[in-house]
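So the protein lines, in turn, are chains A and B. Heads up: the first sequence begins at 56 in my numbering, then just goes up one per residue. Heads up: the second sequence begins at 56 in my numbering, then just goes up one per residue.
Please keep in mind that the hints were generated in silico from the structure rather than gathered at the bench. Where hints are given, some of them may not hold.
The list cannot tell twin chains apart, which means a pair is met if one copy fits it or any two copies do.
Derived DSBU-like pairs (lysine-lysine); straight-line CA-CA distance at most 30 angstroms [to be verified]:
hint: 1; residue 1: K58; residue 2: K96
hint: 2; residue 1: K310; residue 2: K329
hint: 3; residue 1: K269; residue 2: K191
hint: 4; residue 1: K310; residue 2: K323
hint: 5; residue 1: K210; residue 2: K137
hint: 6; residue 1: K309; residue 2: K329
2 protein chains.
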Amino acid sequence: MKKIKNVSIVGVGLIGGSIGLALRKIKRNIRVTGIGRNTVKLARAKKAGAVEKFTTDFVEGVKDADLIIIAVPVSKTSEMIKKLIDGIKTGTIVIDVGSVKGKVVKEAERLLTGKGHFVGTHPMAGSERTGVENAKAGLFQGSTCIITETRKTDKEALNAVRALWKAVGANVLILDPETHDRLVAEVSHLNHVLAFALASQVGENHRRNEDISKIAAGSYNDMTRIATSSSGIWADICIDNRVALLKSISNYEKKLTILKTLINKKDKSALIKKFDRAKKSREDIIRCQK
Amino acid sequence: MKKIKNVSIVGVGLIGGSIGLALRKIKRNIRVTGIGRNTVKLARAKKAGAVEKFTTDFVEGVKDADLIIIAVPVSKTSEMIKKLIDGIKTGTIVIDVGSVKGKVVKEAERLLTGKGHFVGTHPMAGSERTGVENAKAGLFQGSTCIITETRKTDKEALNAVRALWKAVGANVLILDPETHDRLVAEVSHLNHVLAFALASQVGENHRRNEDISKIAAGSYNDMTRIATSSSGIWADICIDNRVALLKSISNYEKKLTILKTLINKKDKSALIKKFDRAKKSREDIIRCQK
Numbered sequence: 056m057k058k059i060k061n062v063s064i065v066g067v068g069l070i071g072g073s074i075g076l077a078l079r080k081i082k083r084n085i086r087v088t089g090i091g092r093n094t095v096k097l098a099r100a101k102k103a104g105a106v107e108k109f110t111t112d113f114v115e116g117v118k119d120a121d122l123i124i125i126a127v128p129v130s131k132t133s134e135m136i137k138k139l140i141d142g143i144k145t146g147t148i149v150i151d152v153g154s155v156k157g158k159v160v161k162e163a164e165r166l167l168t169g170k171g172h173f174v175g176t177h178p179m180a181g182s183e184r185t186g187v188e189n190a191k192a193g194l195f196q197g198s199t200c201i202i203t204e205t206r207k208t209d210k211e212a213l214n215a216v217r218a219l220w221k222a223v224g225a226n227v228l229i230l231d232p233e234t235h236d237r238l239v240a241e242v243s244h245l246n247h248v249l250a251f252a253l254a255s256q257v258g259e260n261h262r263r264n265e266d267i268s269k270i271a272a273g274s275y276n277d278m279t280r281i282a283t284s285s286s287g288i289w290a291d292i293c294i295d296n297r298v299a300l301l302k303s304i305s306n307y308e309k310k311l312t313i314l315k316t317l318i319n320k321k322d323k324s325a326l327i328k329k330f331d332r333a334k335k336s337r338e339d340i341i342r343c344q345k
Numbered sequence: 056m057k058k059i060k061n062v063s064i065v066g067v068g069l070i071g072g073s074i075g076l077a078l079r080k081i082k083r084n085i086r087v088t089g090i091g092r093n094t095v096k097l098a099r100a101k102k103a104g105a106v107e108k109f110t111t112d113f114v115e116g117v118k119d120a121d122l123i124i125i126a127v128p129v130s131k132t133s134e135m136i137k138k139l140i141d142g143i144k145t146g147t148i149v150i151d152v153g154s155v156k157g158k159v160v161k162e163a164e165r166l167l168t169g170k171g172h173f174v175g176t177h178p179m180a181g182s183e184r185t186g187v188e189n190a191k192a193g194l195f196q197g198s199t200c201i202i203t204e205t206r207k208t209d210k211e212a213l214n215a216v217r218a219l220w221k222a223v224g225a226n227v228l229i230l231d232p233e234t235h236d237r238l239v240a241e242v243s244h245l246n247h248v249l250a251f252a253l254a255s256q257v258g259e260n261h262r263r264n265e266d267i268s269k270i271a272a273g274s275y276n277d278m279t280r281i282a283t284s285s286s287g288i289w290a291d292i293c294i295d296n297r298v299a300l301l302k303s304i305s306n307y308e309k310k311l312t313i314l315k316t317l318i319n320k321k322d323k324s325a326l327i328k329k330f331d332r333a334k335k336s337r338e339d340i341i342r343c344q345k
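Isolated chain A, as found in the complex (with noise of 0.2 angstroms):
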């Protein structure tokens, strides 16, 4: 954290907008740049105070940054990469923040052979929300970010971006772009996706019968919360990680059919050993968090 007093942030939204915030507000002598493509969001961000300055020259815009975050959607990242990269200083840092990490690392880590050091971050504090006017300086307090490290990581760069990401008070957690990719599938992914097919099918029930607002309460509430997340961002991430998401979205196939069969045989005490099970597992990460 030492060395870097320029950074440049690509897409001030939700997740670069607080990261600028919570950077300006721990070390006053850094200098952060906006940049993008949409000069009234840009100033939306400055005016915020998530960034010092803006342009919409993507080159122009990285050419003095010692550390360049992308927070742009995934699908976005390698063509945000390729814009700026004659900009780039030789060993400049640069991380992503997407929720999709085995591809994407190796794209940036091959366009930035020879240029900067690539290192792949996810900061497990998103939320339904979107936008500069969302984010805030305390987003990242006692979240988990995930940074992933490969054979081409260097280990320098590695060490810096641990310490920006516990500096804005993120816990962090080392992992292989692939065991990630598999993990998050299963803690969110598949979450985003099980919330929107139940929005889904309520919304169809909704349109038949306007009763079932009066009595969708607070565990639809809650179960769909993240149904309201960003389509585009969400769609992009199914895709990028379709691989995991699939392999997770069966699994719990299954265990809805093993659900079903005891419902259907009325099998009361194996369900209640089921539920029993469900329950102290989640007591157990519940547990675990604290």
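Let chain A serve as the given structure and place chain B on it in line with the hints.
Showing chain B alone in chain A's frame:
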């Protein structure tokens, strides 16, 4: 509500206890008796202020009652009615608070013919928590309570029960028992099965890889909250409402299949369309709740 002076509550847990607290708060001259088998629990309910007195004698406990509230797991409702039937005055109103209605309402009406007036009710204000220690007078404030009406329902009793639920802050919705069961399968019972299945799957992964608990965050926590609900109560509900519930689960599986197919085909625009529609459905329902 005017004529109701003596209320007996069978089963003084979260729901029974909260009704007791609410009634005693809004109507100072009401006398609430708690009935159950466990004197430790009954004494706790008295200490919490949910009942004025209590007894383990079911017949004795209801003999002065103008209103009997049966607040036990759905599978026990008929059994409770049988236990207290010899104490019921002719014309006494008897309600339950269970989450499944079809079979229960039919049986209760049959058992009470010529004795009490049965009205099925389902306050949708539960919680994953249980027990009188979690009861509160405001539990029903702003929630929906479904009241079931059948050809056998006494109109005066129905009006009194409606007034009762309104008095404790609930919005009342009147449905026939079958429609009730179909709709709550969709917006509540399905959610519980989905949450139990998810908690169970993530639990298995957690036992294989401890890092799971470091990255399971907001969406996991929200989507599995209700997996900590009482396993016994939910095994009963799933079995009692199995016809409607199994249909809901099958419909849900179809939704998952559609999403899997689109993800597998990398059909981004179709996925975005599906996600946007799901998002809009949720926004419509949340808007109607207000």
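Going down the list of hints, with the structure as the test:
1. Proximity of K58 to K96 under the C-alpha cut-off of 30 angstroms is restricted to the intra-copy arrangement: shortest distance 29 angstroms within a copy versus 64 angstroms between copies.
2. In this assembly of identical chains, the alpha carbons of K310 and K329 lie at most 30 angstroms apart whether taken from the same copy (10 angstroms) or from different copies (24 angstroms).
3. For the identical chains of this complex, K269 and K191 are inter-copy neighbours only, at 22 angstroms across copies versus 34 angstroms inside a copy, given an alpha-carbon limit of 30 angstroms.
4. Proximity of K310 and K323 under a CA criterion of 30 angstroms is satisfied in both settings, with 17 angstroms inside one chain copy and 27 angstroms between copies.
5. Taking the closest pair of Cα atoms, K210 and K137 come within 30 angstroms of each other only inside a single copy of the chain (24 angstroms); across copies the shortest separation is 74 angstroms, beyond that limit.
6. For a Cα distance limit of 30 angstroms, the shortest separation of K309 from K329 qualifies both inside one copy, at 14 angstroms, and across copies, at 23 angstroms.
No hint from the list above goes unmet by this structure.
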